[in-house]
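Starting from the given sequences, assemble the full structure and let the hints guide the process.
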Amino acid sequence: AVVAPAAFSAASSSGSASEASSMRAFVGLKSGDVFSSKTADLSSRTVSNGSRVNCMQVRTPVDNKKFETLSYLPALSSNQIAKQIDFMLSKGWIPCLEFDKVVVRGQPGFYNGRYWTMWKLPMFGCNDASSVLREVENCKKAYPNCYIRVLGFDNQRQVQCSA
1 AVVAPAAFSA ASSSGSASEA SSMRAFVGLK SGDVFSSKTA DLSSRTVSNG
51 SRVNCMQVRT PVDNKKFETL SYLPALSSNQ IAKQIDFMLS KGWIPCLEFD
101 KVVVRGQPGF YNGRYWTMWK LPMFGCNDAS SVLREVENCK KAYPNCYIRV
151 LGFDNQRQVQ CSA
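Residue 1 is where the sequence shown starts when you use our numbering, and the numbers rise one by one after that.
Keep in mind that the hints were calculated from the coordinates and are not lab data. There could be a bad hint or two in this list.
[As the list claims (entries may be wrong)] Below, a list of computed lysine-lysine pairs in the DSSO-like style, where the Cα atoms sit at most 30 Å apart:
{"no.": "1", "residue 1": "LYS101", "residue 2": "LYS141"}
{"no.": "2", "residue 1": "LYS140", "residue 2": "LYS83"}
{"no.": "3", "residue 1": "LYS83", "residue 2": "LYS141"}
{"no.": "4", "residue 1": "LYS83", "residue 2": "LYS120"}
{"no.": "5", "residue 1": "LYS140", "residue 2": "LYS120"}
{"no.": "6", "residue 1": "LYS120", "residue 2": "LYS91"}
Next up, the structure:
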């Protein structure tokens with residue numbers, strides 16, 4: 001059976017009267033009193049996101065210092081950094097330190113300091129987070145106004161796996 005609008009089947013000469021009357025009306029619409037002027041207040045006529053509205057924030061393009069995954073978190077403590085380094089070491093990744101000066105950039109992902117300077121050589125054979133933290137502190141002393149990041153390199157796949 002071909003389904004067509006009621007007006008089409010009534011105007012068609014090939015359709016019989018019993019075929020046109022067997023079509024059901026569309027029942028997906030609500031009754032007309034939804035659009036009546038008797039509705040109580042504005043909140044019943046509008047869409048609300050509830051409590052989520054209070055959680056939404058607008059990203060500011062001015063003085064935005066967010067670069068990579070962990071940069072959106074508050075500053076990590078030495079204990080939290082040590083846990084990140086222990087994770088890298090448990091995966092067999094080689095820790096490496098890089099630093100870059102603080103520059104006010106217009107947008108995340110588009111900044112002048114795309115190339116970070118490596119602090120010494122990658123720490124091949126390192127198996128202790130305390131030695132990496134000691135190098136982080138040495139880098140902080142040498143360059144107090146710089147960002148410092150710890151990278152984890154996988155020498156088998158030859159890629160950076162963590163930063």
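Results for each hint:
1. Restraint check for LYS101 and LYS141: the C-alpha separation of about 14 Å stays at or below 30 Å, so the hint holds.
2. With a C-alpha separation of about 19 Å, the suggested pair LYS140 and LYS83 falls inside the 30 Å cut-off, and the hint holds.
3. Taking the CA atoms of LYS83 and LYS141, the gap is about 22 Å. The hint holds against a cut of 30 Å.
4. This hinted pair checks out: LYS83 and LYS120 have alpha carbons roughly 22 Å apart, not beyond 30 Å.
5. Proximity of LYS140 to LYS120 is assessed by CA-CA distance (about 13 Å); at most 30 Å being required, the pair is judged to hold.
6. A distance of roughly 22 Å separates the Cα atoms of LYS120 and LYS91; the hinted pair therefore holds under the 30 Å criterion.
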